[in-house]
Amino acid sequence: MDLHWETIVISIVSFIVLYWALSRYAFDKLFNIMEQRRVLVLKQLEDAKQTKEQATQYVEDQKAALNEARKEAYEIVERSKQTSSKQAEQILEEASNAVVRLKSEAVRDIESEKNKAVEALRSEIGTVSVKIASKLLEKEVNMDNTQEQLVDQYLKEVGGKS
Amino acid sequence: MHEHPIIHVGGLSLDLSAISMLLVSMIVVFVFVRLCVSNLSVENPSKLQNFMEWVVEFVQSLIGSAMDLKKGKQYISLGLTLILFIFVSNLLGLPFSIITEANGPTEIFGYVIEATRNLGAGEHAEILWWKSPTADINMTAGLAIVIFILMNYLGLKHNRKYYLRHYIEPFPIFLPLNIIENLAKPIALAIRLFANIFAGEVLITVILKLGIIGIPFLAVWQGFSIFVGALQAFIFVILSMVYIAQTTIHEEH
Numbered sequence: 000m001d002l003h004w005e006t007i008v009i010s011i012v013s014f015i016v017l018y019w020a021l022s023r024y025a026f027d028k029l030f031n032i033m034e035q036r037r038v039l040v041l042k043q044l045e046d047a048k049q050t051k052e053q054a055t056q057y058v059e060d061q062k063a064a065l066n067e068a069r070k071e072a073y074e075i076v077e078r079s080k081q082t083s084s085k086q087a088e089q090i091l092e093e094a095s096n097a098v099v100r101l102k103s104e105a106v107r108d109i110e111s112e113k114n115k116a117v118e119a120l121r122s123e124i125g126t127v128s129v130k131i132a133s134k135l136l137e138k139e140v141n142m143d144n145t146q147e148q149l150v151d152q153y154l155k156e157v158g159g160k161s
Numbered sequence: 000m001h002e003h004p005i006i007h008v009g010g011l012s013l014d015l016s017a018i019s020m021l022l023v024s025m026i027v028v029f030v031f032v033r034l035c036v037s038n039l040s041v042e043n044p045s046k047l048q049n050f051m052e053w054v055v056e057f058v059q060s061l062i063g064s065a066m067d068l069k070k071g072k073q074y075i076s077l078g079l080t081l082i083l084f085i086f087v088s089n090l091l092g093l094p095f096s097i098i099t100e101a102n103g104p105t106e107i108f109g110y111v112i113e114a115t116r117n118l119g120a121g122e123h124a125e126i127l128w129w130k131s132p133t134a135d136i137n138m139t140a141g142l143a144i145v146i147f148i149l150m151n152y153l154g155l156k157h158n159r160k161y162y163l164r165h166y167i168e169p170f171p172i173f174l175p176l177n178i179i180e181n182l183a184k185p186i187a188l189a190i191r192l193f194a195n196i197f198a199g200e201v202l203i204t205v206i207l208k209l210g211i212i213g214i215p216f217l218a219v220w221q222g223f224s225i226f227v228g229a230l231q232a233f234i235f236v237i238l239s240m241v242y243i244a245q246t247t248i249h250e251e252h
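From first to last, the protein sequence lines stand for chains A and B. Mind the numbering: the first sequence is residues 0 to 161 in numbering that gives the first Met the number 0, read in order. Mind the numbering: the second sequence is residues 0 to 252 in numbering that gives the first Met the number 0, read in order.
Don't take each hint at face value.
[Unchecked claim] Distance condition first, Cα-Cα at most 30 Å in a straight line; then the derived BS3-like pairs of lysine-lysine:
#, chain 1, residue 1, chain 2, residue 2
1, A, K115, A, K130
2, B, K69, A, K42
3, B, K156, A, K28
[As the list claims (entries may be wrong)] Calculated from the model, a selection of chain A residues having no Cβ within reach of chain B, i.e. all distances over 12 Å:
#, residue
4, L39
5, Q61
6, K62
7, T82
8, Q86
9, A105
No lab work stands behind these hints: they were computed from the structure. Quick reminder that beta carbons are idealized off the backbone N, C-alpha and C, glycines included.
Construct the complete structure from the given sequences, taking the supplied hints into account.
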């Protein structure tokens, strides 16, 4: 194998020419596009990541809202349970109060009725006794004159006094 | 042994087959790359564009294994040109070769082909026209010289102090050894590439002499030669990058 310096020089020159031509007409464009593609892919990845994050956030929000609603529902049920039991107690209390009041009223009514009756009886008894007394007196007075005298005396006394 | 079609033009001896094969591989590489980048698109890359991007990324990772990719970015074009050019050159000689037989002094473009100049009666010369350009040591030497000049120039430019100091390390007496080491790099590059491809072509010629029995061997060997061609291109590029990294990058300790 013999060395030809002419061939060596020609190969060096042709390699440099090829390097220049490829850099000038092909690689610059290619690298440019590759860079753009890299940026695009990065951007798309970033977008996808963001979308995923948003979705996760949304799900979290939904979960939180659901929990909130559940808690609220539980609270409402609890509160209604409490109010109903309170109301029941209140109603019972009111009822017992009413009973007590009614009883005392009844007792008072009975008392006053009794008193009225007693009063009425008393006045009746008065008249009746007066009538009885007057009947008895009439009879006595008619039987003899002494008694008539006595009555007259009394009447006089009463009249004299007045 | 096949002869080179060498002609003497104005004091220069030109190897016509080397020149023509260089031109062919340059044109093949350039047309192929132009085809790949003719329809570039950001959104919807074609298959060729994908292939070219794969090659670029391959070269990027190759440079990245030799040096920091931030510093190595400027060498991507160089690595790409080298790997495409060497790979195409390695493959060109595989499918066929063109050999002419000359029985007397033969002229081309008005110049006598040197190998046929002194042929006597009954003698003949076989002249090899189509071959792998990398099966010629002059061609691989040219590439290796490019790398050699580049690595020393870049070392002097970017890393002068440490580049010059490495010649006298670990002791000044090692200076001749270091110079030999430096010179051995391009020689090894050139001879490795040339010998692999040349041996492949020689073996193809030998197998062809077997006749019909040789067909399966030839198929196997052709397939293996494609692999060797790719491997040698890869080795050439990665070694070039390692050499450039060695001279230009000084790692802080």
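Hint check results:
1. K115/A to K130/A: holds (22 Å)
2. K69/B to K42/A: holds (22 Å)
3. K156/B to K28/A: With a Cα-Cα distance of about 28 Å, the restraint between K156/B and K28/A holds, given a limit of 30 Å.
4. L39: With a cut-off of 12 Å, L39/A comes too close to chain B, as the shortest Cβ separation is near 6 Å.
5. Q61: The claim stands: Q61/A keeps its Cβ more than 12 Å from every Cβ of chain B (closest is about 35 Å).
6. K62: holds (38 Å)
7. T82: Nearest chain B Cβ is 66 Å from T82/A, so the label holds.
8. Q86: For Q86/A, whose nearest Cβ neighbour in chain B is about 71 Å away, the distance exceeds 12 Å, so it holds.
9. A105: Non-interface label on A105/A holds, nearest chain B Cβ at 98 Å vs cutoff 12 Å.
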